[in-house]
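**Student:** The hints should help you fit chains L and E onto chain Z, whose structure is shown.
Which chain is which? The protein sequence lines are Z, L and E, in order.
Numbering of the first sequence is given in the numbering used here, commencing with residue 254 and proceeding in unit increments.
Numbering of the second sequence is given in the numbering used here, commencing with residue 301 and proceeding in unit increments.
Numbering of the third sequence is given in the numbering used here, commencing with residue 50 and proceeding in unit increments.
Derived by calculation from the structure, the hints in this document are not laboratory data.
Hints are supplied without guarantee of correctness; some may be wrong.
Stated by the list, open to error - Under 10 Å between C-beta atoms, here's a sample of chain L residues computed to sit facing chain E:
{"no.": "1", "residue": "ALA391"}
{"no.": "2", "residue": "GLY539"}
{"no.": "3", "residue": "ILE589"}
{"no.": "4", "residue": "ARG590"}
Backbone N, C-alpha and C fix where the C-beta goes; we use that ideal spot for every residue, glycine too.
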Amino acid sequence: MTNGDGAGGNGSPPLVVLDHISKRFPGVVANDEVDLDLRAGEVHALIGENGAGKSTLMRVLYGMYPSDGGRILVRGEEVKVGSPRDAIALGIGMVHQHFVLVDPFTVTENIILGEEGGPRLDMDAARRRVAELAESYAFRVDPRAVVEELSVGEEQRVEILKALYRGVEILILDEPTAVLTPNETKDLFGNLRKLREAGRTIVFISHKLDEVLEIADRITVLRRGRVVGETRPADTSKAKLAEMMVGRPVLFRLEKPTVEIGEPVLRVRGLTGEGKLNGIDLEVRAGEILGVAGVEGNGQRELAESLIGLRIPASGTIELEGTSIVGRNVFDIRNAGVGYIPEDRHDQGLVLNMTLWENTVLGRQDDEGFSGTFGVLFIKKIKELAARLIKLFDIRARSVDVTASTLSGGNQQKLILARELETDPRLLIAAQPTRGLDVGAIEFVWKQILDQKAAGRAVLLISAELDEIYALSDRVVTLYEGKITGEFPPDAPPEDIGVGMLGGSKEAVG
Amino acid sequence: MPFTDIAVALQISFTYFTIIYLTGLGGLFSERSGIVNIGLEGLMIIGTVTGAFGARFFTDTLELGLPWGPILGLLFGALCGAIFAGVHAVATISFRVDHIVSGVVINLVAIGLARFLSSAFFNGQSTQSDPGGPHLDRLDIPFLSSIPGGVDRAFESLSPMVLVAAFMVVPVWYALNRLRWGLRLRSCGENPEATRSLGVSVPLYRYQGVLLSGAFAGLSGAFLASEIIGNWREGQTLGLGFIALAALILSNWNPIRLMFFAWLFGFATAIPLRLNDAPVISALPPQFIRMIPYVVTIVAIAGFVGRVRPPAAAGRAYEGGGGV
Amino acid sequence: MATDGVAAPIAVRSRPAWVEGLVGQLLALLASLGIAVLAGSLLIVAYGENPLEVYSSILDASMGSADGIGYVLAIATPLIFAALAVAVCFKGGLFNIGVEGQYLVAMVTAAWAEIELGFLPGPILVVVVLLAAMLGGMIWAAVPGILKVRTGAHEVVTTIMMNQIAISLVAWAINFPLKFSNAPAGQNVDLRTDQFPEGGLVGDLGQYFGVTPGAHLSWLLFLAIAAAVIVWFMIRRTRLGFEARAVGASPGSAKAGGVSIGRTQLRLFLISGALAGLVGMQQILADRGHLPQNYVVFLGFTGIAVAFLGQNNAIGIIFAAILWGVLSRGEVALQIQSEVPREFIIILQGILILSVVITYQIAKRRLAARQLQRAGAAGELDDSAGPDDEAGPRGPEMKGREAFEAAEGSGT
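Same shape as in the complex, but just chain Z:
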C-alpha cells in the first residue's frame, strides 16, 4: 500500500511556503523561525507533542493570528493573511479539533454561513449545491439534518465540506481523529485519499504516530516551537518519530507494582440514565486499576459524574465498600472516601480565579483543621498544607498566593491530583487524567496513580488513550454507548479492544 508521491511529488514547486515564521504569546514562544512547505496533491503530517506549536503555526497560516516574524508565500507570491477570510480567498481552509458548528442550524445553513450574496436566502438552491458537492467527494451527509443530531464523524464531514464549498485547495485538519472511532477514521482516510487524488493538499496535525505513518506522504516534526526534522514514512519509524518529538527515548511503560488484589471497593450494577448510560456493570477492587477504554462521547463523563454524585442516575446501584452511595450528594460521597480527577479541570476541578491555597482546600474547608467556629478559616494552616503539596508534587509556581490561572495545564492537573490524593481516597476516579499534558507530566501522573495501587487503593481509570490504558490497567473494560461491551486482560491486543470499543460486533471492523 503506497503512500504515494502523488501528483505533487518531487517535480512541482511548493504551493505554500512558510519562511521563518515566529509567533509569541505573553510568556511563551509558540513558533520559533519555522520553515515549512506544502505541495499540491500530498498529505503532509505535522506532528509534535502538546505545546509544540503545531496548531499555532497553522492558525498563523489560516490568518487567525498575525505572525511576529517571517513570511508566507502562496503560489510563489508573498502574501499577508490577516484573517480567515483572507486565507479562504487564497484557497486555505482549516478544520479545528473542536468543531465550530452552530448546533441548532442545519448542515446547509452551517455550510453557507458567511457566504456573500443577495440579501435573500434561497435555501433550496443552497441545499442542492451542498448535495452536489458532497457527492463529488463521496461524503455522506444530509443537507437538511440539524447539526445537533449528528454523530461526531458526520460533524467532521460537515466541517470539511464547509472548507471545500469555499473552494479551498489546502485543507488543514487539526487532530482530526481524536474524536473518531476506528471505523470513522477509516472513512476519513478514504475521503482524504480521494481529495489527494483530486490534487488537494492536506495538512494533518496529529500526535497519533500510527495513523500518521499510514496516511502521510511527508512528516514534519515540531518540538517546542522549532522544526526538528522532516521525513517520509518509508524512512522512519514510530520510535524514531517519538524520539524526535520529545528529544529523548520515551518510556512507554512504567513498572507496574505487584499488589495483592483485595475486596471490591466499588460495585456498580445496572447504572442507567439520561440516554447516555444504558446499564453499566463494573467492579473495582482494592489494589486494582480498572481501565475503562472508549472513544469520548459514549458515556464516560456521565459515568464519572454519577459516581462522584454530580449526577443522579435514573436507576442502578453504586456501592462503595458495601454501602450504597447512589443519589447521595457530592459532599457525602467524598467524605466516604472517593477522590475525583475530572475530565475538564477548568469546569469541574479548579477555580481559576482563586489562589493555589484556596484551591487546595476546596472540598475540605469544613474539616476541623481548616476552619473553626463561625466558619473562620485557619488560613495559615491551609497555606502550609498548600506549600507542602506544591513542593511534594513539584508544581511550578512562585508562591501559594498566585492564582490557579497562571499555572500551566500540567501543573494545574498536578494541583488537582495533589489535592485529591491528600485525602487518601479509597477509590480514585480518574477521567482523562493526562489530557493536554506533555510527556513529563504524563509520566508523573501515571506514577501517582500506580502509587495509589501500590498502597492498596482502588482506581477507576477512564481514558480514550489506549497507551494510557495499557500502561496502567490491571483489567480493561470497553465502554460503548453507555454499556460495558467487553472485558480484557491488560495485555490484550489493540484490535480486540478496538472491537469492544465499537460495540463488540466483529463485522464492523472492515
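**Tutor:** This is chains L and E only, laid out in the frame that chain Z set:
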C-alpha cells in the same frame, strides 16, 4: 359583571401588548445576536422622555401638525433609544463588560439622564412634563369593531401603533429567517466562535442587534408617554421593560410566541386598571390588585423557565459567564 | 522538563496576587474619576460656567464644613448598607436588584415593631426594631432566592417584580394596618404611620461633632461601618465567604468539590436581604421618626451604583458611599450658586458609574495578561502552556488566545 368592562379591559390589554411586544422585540434582536439586554427598562425610559418631548416639538413647535408631528416624535424616541443603547453596545461588545452589569448600569443611568433631559426639555421640571400632549388619532379596527354584543368596544379607539406592533411580527420573522442578515445575526448568538471562523464580523452584527433593541424599546417608551398617557412622568414605565424581558424569555426568543406572552402580560397589567370589580379581584384591597401583573410574571417565570433554551451565547451570559 | 529540574522555592510571603489586584482597582477608579470629571467639565463649560469654580463649590459644600461632612456621612449611611447587600450576592454570582423592594418591606416590618412593641424600653426597642427590619428584608429576599434555587428563575426578573410588589405593599400598609391613628377626618393630612416612640429612635451623632441636627447624622453610621467590616471578614475569612466566591467564580468546580450551590446561594440572598433591610432605617428612625407616604426611594438602585464604584469590596464600598455622598451634597451648591442645573450631578454620577465599569474590565484583563507574562518569564509555563493545549473547550487554548487578545486590544 358587565361585558363592556371586559371589553374595555381587552382594549387596554392591546395597548399594553403594544408596549410589551415592541420592547420585547427589541430584546429579541439583541439577545439573539448574543448580547443579553436587561436594560430594556432604561431604554424605554429614555424613549418616554424624548418621545414626549418629540411629540410636542414636532407637532407644535415645528408646526407639522398631525399626523407627522406625533410620528416624528415616536421616531425621535426610537432614535434616542438606539443612541443610548449604543452605550450598552460599546460596553459589552468592545469592552467585554459583563452583560448583566452593563444592563444594570443602563437602567441606573437612564433614571438620572431622564431627569436631566426632562429638566432641559420641559422648562426645569425634572420629574414630569405638562399633560395633554399631542397624539395620533385613534381608530377603530374595521371588521372587529362592528361585532355586536359589547365586544366591539375592545377594538375601538385604538392607537394605530397597536396595528403597527401586531403586524411587526411579519417583517421581523422574515428578517430573522429568510434574510442572509438574519442567519448571520442568529449565528452570532448561537456560536460566535463559528461565526468568526467564517469571516463574519460578530461585533458588527451584535452592534446592530443592540441598537435595534434600543430603537424598539425607545419606540415603545415614546408610545407609552406620548400616545397613551399624554405626558412624561418619572416612573411611568412601571417595570414594563422587565415584564417584556420575562415575556421574551418565556416565548423562547421567538417573535411569534412573544405576541402571546406580550398580550398575556398586557392583560394582567390591564386588570388593575379596569377589572377591579371582577368577582375574585374585588375582594382584594386596591393595592393588592396593583400587584397582579407582577405576581403573574413571577409565577410564569418560575413555572416555565426550565423549558426554555436561550441563544447559546446569551445563555452563558445569563449564567454569569460574562458573555462570549 | 518539569521533573528534571529543581523545584522553584516556595515563598509563602512573596508579593501576593491581591496586592496587584488592589493597585489595579485603585488605578481604574482614579482613571474613571478623571474621565467623569473631564466629561463633566465639558458640560459645565457648555453652560457657560467655570469648571474649577463649580467643582470647588461642590467640594466646599460637602467637605468645607462640619455640617457638610455631616450631611455627606448621613447620605452615605444607607448607601453603605445597600451596596453591601448587592456586593454580598455579587460575590456568589447573583444579582440582587431587589434591594429596593427589600428595604421597603423592612420599613413596614420595622414600623410594625415600633407601633406594636413600643412598650419595650429604649435601647431594647431599637434593637428589636432593627432586627424586625432585617427580618423583613430577609423574607423579601428569600422569595426570589428560593425561586432561583428551586426553579432556576433568573433573579434579575424576579427581584424587580418583587420591587414593584413591595411598592404596593407599603402603600397598603400605610393605608390600612399601620395607618395614622389620630388623623382628623376629612383634613388634608399626608398619609403616614403614627410617630414612633422616642425610645425607638436612633440618636443624633452629629451633635458631638458640631454638626447641625438637620443633617440627621446618626449612630447608624457606626453600624454601617461595622457591617462593612463584618462583611469583609465573612467574605475573605470564613467558610461561607469562601464557598460563595467559589460558586461565583466556578460553580462546576465548587459543586465537584462538594459545595452545595443552592444552599450557598440561598444563604447569600438571606444575608443580602438582612443588610438591605437596614437601608431604610436612616430615614424612619433617625430622620422622620415615622413611615411616611413619601418615603425616600431609589436607595436600592443607588446602592448598586455604589457597589460597582466600590468594586464590590466591603471596604471600598465605604469610600465609594462617601464619594457618592460628596457628589450628592454638591447638588445643594449648584442650586444656590450656579447656572448649571442640579441634574448635572446625576449626569456626573452616571458617567462615573459607566467609566468605572469599563475601566475595571480593562484593568482586569491587563492584570491577567501581566500575570501570565510573569508566570511565563519565571519558566512556569514551559510545559504545554501555549495555545496548543487541547485540554478542553475553554482550556489553555483559550487562555493563550485571550491573553493574546488582551495584549492586542479589544476583540475582533
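**Student:** Each hint should be assessed against the structure and marked as holding or not.
**Tutor:** Quick rundown of the hints versus the structure:
{"no.": "1", "hint": "ALA391", "verdict": "holds (6 Å)"}
{"no.": "2", "hint": "GLY539", "verdict": "holds (5 Å)"}
{"no.": "3", "hint": "ILE589", "verdict": "holds (8 Å)"}
{"no.": "4", "hint": "ARG590", "verdict": "holds (5 Å)"}
Every hint from the earlier list agrees with this structure, and none is contradicted.
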